[in-house]
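Since the structure of chain A is provided, determine the placement of chain B on it from the hints.
Listed in order, the protein sequences are those of chains A and B. Counted from 1, the first sequence has number 192 at position 192 by our numbering; the numbering is strictly sequential. With positions in the second sequence counted from 1, the corresponding number in our numbering is that position plus 227.
Calculated from the structure, these hints are not laboratory results. Predicted model, so just to flag it, every value in this text is computed and none were measured. Every residue gets a Cβ at the ideal spot worked out from N, C-alpha and C, and that includes glycine. A few of these clues could be false.
What the hints assert, rightly or not - What the simulated footprint calls covered on chain B by chain A, stretch by stretch (three residues with Cβ under 8 Å from a Cβ of chain A suffice, anywhere in the stretch; the number is not a length):
| no. | region |
| --- | --- |
| 1 | 245-251 |
| 2 | 630-640 |
| 3 | 653-662 |
Unchecked claim - Cβ-to-Cβ under 10 Å is the rule here; a few derived chain A residues that face chain B:
| no. | residue |
| --- | --- |
| 4 | 114 |
| 5 | 116 |
| 6 | 126 |
| 7 | 208 |
Chain by chain, the residues:
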Amino acid sequence: MVWELIKLDLRKVLTGYITFVLVISAYILFRQRPLESTDTIVIAAGLLQGLYLAWRIFKDPGSTQSFIFSRPFSRNRLFWNRWGLGITLQMVTLLIVLILIASGARDFIHKSNLPYYPMVQWYELSVLWPLAIVSLAAFQIQMFLMLRARTLQTAALPKWRKVPTYAIICFFAFAFSGGFHLVVRAVSDGFVAPIYLGKAALFYMFTLTVLTTLTSVRCYRHIEIEA
Amino acid sequence: MNRDNPISRKLLNVTLFVLLSPLYAVFLFDSGFGVIGMLGRLVSEGAFAFPLVYLLLLGYIASVIWLLWRGKVLGPLVILFVMMLLQSFSTVSGIGEKRYELQIGAGQPMLGIDVYCNGINLGQTPLRISEAEFRKKVTPWQTPPKQTRLSIEEPSPDDIDRFTKAKYFYTPQDIFEMHKAWPPNRHRYFKSRNKDIFEEMSSSQYWWHFEKDGCLGLTSLSNFSGGAGGGRTITIDVNPNIEFPSAIRHLGLLVHHLANSDYQPSPQWLEHFLKYKGLLFMEFYKQAKGDEKLQPALRALVRAEFGIPEEPSERDCTRVVDEILDRIEKVGCFAVPSLESLAIELVGQDHYRPIVDRFLESLRAPGGGSSGTRSSDIWTTYRRSGKRVRQLPLEYAVRKLCPDELYNRLVYMSRKGAYLDIIGNYQREESVQLITYHLRQVEGQGGRFRRSGMMQATRLCAKIHNPELEEILRNFIHNNAIGRDNEFGVREFIQSRINTADPNSSDMASWIFHWAPLNDREKLEYISKLNTSQTHHYLSMLLPRGNQSLREDVISQLSRKPNPSLDQFIIDSYKWYNSPQGPGYYLANLTDIIVNTNTPAIRRFLTDLWNKAGKDRKTLLGHLQHRQWRAPNMNWLTPLFAELTGKDERLMAAKILSKIDTDDAWQLAEKWAGDTDPDIAAAARQQLDIRRNRLEDEQQFIRQANDLIAEKIKPDELLAPQPAYIWNGKKYVPQTQDNKK
Chain A
1 MVWELIKLDL RKVLTGYITF VLVISAYILF RQRPLESTDT IVIAAGLLQG LYLAWRIFKD
61 PGSTQSFIFS RPFSRNRLFW NRWGLGITLQ MVTLLIVLIL IASGARDFIH KSNLPYYPMV
121 QWYELSVLWP LAIVSLAAFQ IQMFLMLRAR TLQTAALPKW RKVPTYAIIC FFAFAFSGGF
181 HLVVRAVSDG FVAPIYLGKA ALFYMFTLTV LTTLTSVRCY RHIEIEA
Chain B
228 MNRDNPISRK LLNVTLFVLL SPLYAVFLFD SGFGVIGMLG RLVSEGAFAF PLVYLLLLGY
288 IASVIWLLWR GKVLGPLVIL FVMMLLQSFS TVSGIGEKRY ELQIGAGQPM LGIDVYCNGI
348 NLGQTPLRIS EAEFRKKVTP WQTPPKQTRL SIEEPSPDDI DRFTKAKYFY TPQDIFEMHK
408 AWPPNRHRYF KSRNKDIFEE MSSSQYWWHF EKDGCLGLTS LSNFSGGAGG GRTITIDVNP
468 NIEFPSAIRH LGLLVHHLAN SDYQPSPQWL EHFLKYKGLL FMEFYKQAKG DEKLQPALRA
528 LVRAEFGIPE EPSERDCTRV VDEILDRIEK VGCFAVPSLE SLAIELVGQD HYRPIVDRFL
588 ESLRAPGGGS SGTRSSDIWT TYRRSGKRVR QLPLEYAVRK LCPDELYNRL VYMSRKGAYL
648 DIIGNYQREE SVQLITYHLR QVEGQGGRFR RSGMMQATRL CAKIHNPELE EILRNFIHNN
708 AIGRDNEFGV REFIQSRINT ADPNSSDMAS WIFHWAPLND REKLEYISKL NTSQTHHYLS
768 MLLPRGNQSL REDVISQLSR KPNPSLDQFI IDSYKWYNSP QGPGYYLANL TDIIVNTNTP
828 AIRRFLTDLW NKAGKDRKTL LGHLQHRQWR APNMNWLTPL FAELTGKDER LMAAKILSKI
888 DTDDAWQLAE KWAGDTDPDI AAAARQQLDI RRNRLEDEQQ FIRQANDLIA EKIKPDELLA
948 PQPAYIWNGK KYVPQTQDNK K
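If we strip away everything but chain A, and leave its shape as in the complex, we get (with noise of 0.2 Å):
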């Protein structure tokens, strides 16, 4: 690991993650009915938390980018340092959101108003695999069609030929949708176990992550530093 590294892209962004952080966190506590494994409100909380991840720790502004580039490392490890990072900060946001839900906190806030409590308390763990799923894979297109754009250096387009590339990336946000299609279609209602996620939804998953991730590798390898 490399601390420096890390430390910068830490620095870059630890503001807006602790902020979600604390937004998921409220709402995960003060939600008024039961959490379930199609709660939009999470679903859309990971694919933010997935973009805003990828979007900033691979991203280097201006003249960072030759610097970072220019370090005594190589370019793999400088991937997977980040890589690694943007995995463990989505994990710790899971770890955050079990405790509050395996600690009884929602038990002790709503078991005056809400009937369901505590008899459900272990089964709204299940929103843990949908914000889970969403955020990974919204990581990993992300991070994948950033690093495709650097590598085929659409970013030095000409400002009409943008437009479609924005087009196409928000195709990608469609597209991705319809990946989730799937996985939503997969998972039961209200289950906790990941056995109930359909084979194929999970044969999708798992290729996306490798490919998605084994392309960026090799993006990374052959990005083009201007001086």
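Using the frame of chain A, we list chain B on its own:
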């Protein structure tokens, strides 16, 4: 991109493709949006759609190639746009023929009935057949067929119950034609008199008949048309009233045989019953419900059907549960009561773990699809499409058994209103809170969802039987279930309470009287079904003086099902109809009720009437003589008969002795057979002849029962012979030697 950059474009494009693969999969397979579904719909639109089909396919393939070769995502964008256009085109377009599908018997508890049309076996109920397939298989008949069995009874002029008075072996109906003509040709299909129906028969080309296990079914024209759904494919759901005339006598023989063997069914008896279980089960269940002695036979039937030992192991239970689920999946519906519903309850009492496991597994079945319920006072049939039908027996068993292991899970699943009916049956404080919370939410609901929410909540209340919740449910019904929308739900709620009411508790009668959101006629209907000490009190308060219509409703109801707690009402009614100002025409019905309501008050009343002698006694004797009844409980009349001295009265009494049918009555008949008065002696001998005939019938009954069980005769051979009916060009007439040619 710099040409010197060694990153592989192909790798980038493949990754992009993998990224987009769900989108392509959705484009291809989604039922509403996908290429395959859309192609199917477009092909049905006609030949003009073919260029579009090719365009669509080419576009789809081109976009994949473009993406893989050049890494361009414009292709999927274009194809998405085109598909959206085509989807809206295929939805909005009114071009193309509607497809009709016929579904027969899907909502009936008796399944597996062979359906014939014009002599062609179309399959067994629940039957589903498209019009195209039907027309291909069935050739129209030009003349009405010979009816091997027919039951025609002309309805009275004010009879509004159409078509029920005639039952045919071959029933005329072109169901497709009826539904294709819109508005329907009422002149042709909504006849109320047999004469008018006959006029239409000569032009009928499709004749249906039904058989089950080799027994013929008779059908009236009622319910031989069904509701049809909208959309491009129209499903005509038909549930004809099929009656198997031999079934009643068949069951009577079997029950008689069972009674002769001390209600212990032999293996042959069980085997025979199970062979005809579809025909016999429901009626036998009804009898067993009212007769404790038949309960062991019912349990033995369930055990024999599923091979359940007296002390089943958990493995046995798992096997039985799996067998039940497979059967239910095969037929697509679950009936209560049925051998399956009784079996799952029976094995669940010994080992409920397999039910819990299968219940959890069944929750993984994909949602969506259709579902439905049909019910009568006795049975309910539940339907669900696809694999979800397997949930039905499990939900039934869980509702009955309330296993603790499932409670938390059910509570979690109830957050969207599901399974509240099951949770409500758990006698736990949490259930009370949950149901109260749900009902409060429905009460507070406004806007367009309030109406449907209220209807659902009313029906939910009917399904919950929990003493801790009863007051809350009743208050909810009283405060909210008002208006026509909730009428059905309220009736369902009250009927469910009456079915399970404590016979000694007047609590329900009190609630119906004071709080049920019903009109007086409905309150009377339900209160008079309750056998409690307060029933008569509430009934008399609801019956305003001079309103004979309400009184006669109650009398009609009591003649179908007597209620001992209303003996005073029966006595008062008898007095009123027998009085000079009383209309008198209900006295015959009241006599039936008196015979069947054997209470001390009724006996006292009859004895008083008897002691008055004169006209009252004669009227009573006249009614007792002319009505059809057989009640040994009326044996207390025999000593009174023996004391009679007047000839007319003795003559009338002599004709009643066979109805009393006890040793005392027969001894009196034997004594009177030697009477010096020839008329009385003749009447008494006639009674003794009846006894002899009965004994012969009894012997024949035993012989027939033995022959049936030994498979020497078939159930339909029990039917009294009847001449066949043939069409004479205008109507059906009995076949004779003259018109046989």
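Structure-based check of all given hints:
With 6 residues having a Cβ less than 8 Å from any Cβ of chain A, the region 245-251 of chain B passes the three-residue criterion, so the hint holds. Given a C-beta distance limit of less than 8 Å, the hint that chain A covers the region 630-640 of chain B holds, as 6 residues qualify and 3 suffice. With a cut-off of 8 Å between beta carbons, the region 653-662 of chain B has 3 residues touching chain A; three or more are needed, and the interface restraint holds. Hint on residue 114(A) holds. Least Cβ distance to chain B is approximately 8 Å, under the 10 Å limit.
Taking 10 Å as the C-beta cut-off, the interface hint given for residue 116(A) holds, the closest approach to chain B being about 6 Å. Against a cut-off of 10 Å between C-beta atoms, the interface hint on residue 126(A) holds, since the closest Cβ of chain B lies about 9 Å away. Because the smallest distance between the Cβ of residue 208(A) and any Cβ of chain B comes to about 6 Å, under 10 Å, the interface hint for this residue holds.
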